[in-house]
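A.B. asks: Could you build the full structure based on these sequences and the hints that come with them?
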Amino acid sequence: MGPHTYLNELKKEVDDVFDEIPRERTCYLEDELADVLWDYLNAIVALEKESEIRLDSILRRAYVKYSQRVAAIESGTDWADIKEAQKQALEQEYSQSSR
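Under the UniProt record's numbering, think of the first position of the sequence shown as 1, with each following residue one higher.
There's no promise every hint is true.
Below are the DSS-like pairs computed for lysine-lysine, each with C-alpha atoms no more than 27 Å apart in a straight line [stated by the list, open to error]: (1) K87 / K11; (2) K11 / K83; (3) K83 / K65; (4) K11 / K49; (5) K65 / K87; (6) K49 / K65; (7) K12 / K49; (8) K11 / K65.
Simulated DEER-style distance windows between Cβ atoms [claimed, not checked]: (9) V64 / S98: 28 to 34 Å; (10) N8 / Q68: 18 to 24 Å; (11) E30 / T77: 32 to 38 Å; (12) Y94 / Y63: 28 to 34 Å; (13) E74 / H4: 23 to 29 Å; (14) S51 / Q86: 18 to 24 Å; (15) A80 / L7: 23 to 29 Å; (16) L33 / R60: 22 to 28 Å; (17) E30 / A80: 29 to 35 Å.
Bear in mind the hints are in silico, worked out from the structure with no lab data behind them.
Quick reminder that beta carbons are idealized off the backbone N, C-alpha and C, glycines included.
C.D. replies: This is the structure we're talking about:
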C-alpha cells in the first residue's frame, strides 16, 4: 500500500474521531485515535520508501515547532506571529536547499 491509501484512511479515521467525541465512550474514542496513529505512521513509512522523507527528521521538526509554539504562547506572543515566523523560516530553508 502506498502513502495515499493510508492518508485517505487517515481522513476517514479523523471523521470517526469527530463522530465518537460527543458519544463520550472513552474506549471507542481511544480505539479511533489508535487508528489515526496507525494510518499516520504507516503513511510515513510508505513515504520513506518513495521519497526522502524520514521519521527522525519529522520528529525533530515537530520538537522544534512545538517548542517554539509553547514558548510563544507562554510569553504572550500572538499566535499569528509565531505561525508567520515559522512559515518564513521554512521558506528560507527551502530556498537554501533548492539551490
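A.B. asks: Within a Cα-Cα threshold of 27 Å, do K65 and K87 meet the stated pairing?
C.D. replies: Holds: K65 and K87 sit about 11 Å apart, inside 27 Å.
A.B. asks: Holds or violated: K12 and K49, Cα atoms, limit 27 Å.
C.D. replies: 23 Å, holds
A.B. asks: Does the Cβ-Cβ separation between N8 and Q68 fall within 18 to 24 Å?
C.D. replies: 31 Å, violated
A.B. asks: Holds or violated: the 29 to 35 Å window for the beta-carbon distance between E30 and A80?
C.D. replies: 33 Å, holds
A.B. asks: Straight-line Cα separation of K11 and K65 no greater than 27 Å?
C.D. replies: 23 Å, holds
A.B. asks: K87 and K11 were given as a pair; does the straight-line alpha-carbon distance stay at or below 27 Å?
C.D. replies: Roughly 24 Å between the alpha carbons, so the hint for K87 and K11 holds.
A.B. asks: Take the C-beta atom of E30 and the C-beta atom of T77, compute their distance, and say whether it sits inside 32 to 38 Å.
C.D. replies: Holds, since E30 and T77 (Cβ atoms, about 33 Å apart) stay within the stated range.
A.B. asks: Is 23 to 29 Å a correct range for the gap between the Cβ atoms of E74 and H4?
C.D. replies: 38 Å, violated
A.B. asks: With respect to the beta-carbon atoms only, verify the hint that V64 and S98 lie 28 to 34 Å apart.
C.D. replies: 20 Å, violated
A.B. asks: Do the alpha carbons of K11 and K49 lie within 27 Å of each other, as the hint requires?
C.D. replies: With a Cα-Cα distance of about 21 Å, the restraint between K11 and K49 holds, given a limit of 27 Å.
A.B. asks: For the range 28 to 34 Å, tell me whether the beta carbons of Y94 and Y63 fit it or not.
C.D. replies: Distance hint for Y94, Y63 is violated at roughly 20 Å.
A.B. asks: Run the distance test for K83 versus K65: straight-line Cα separation, threshold 27 Å.
C.D. replies: 9 Å, holds
This entry does not satisfy hints 9, 10, 12, 13, going by the numbered hints stated previously.
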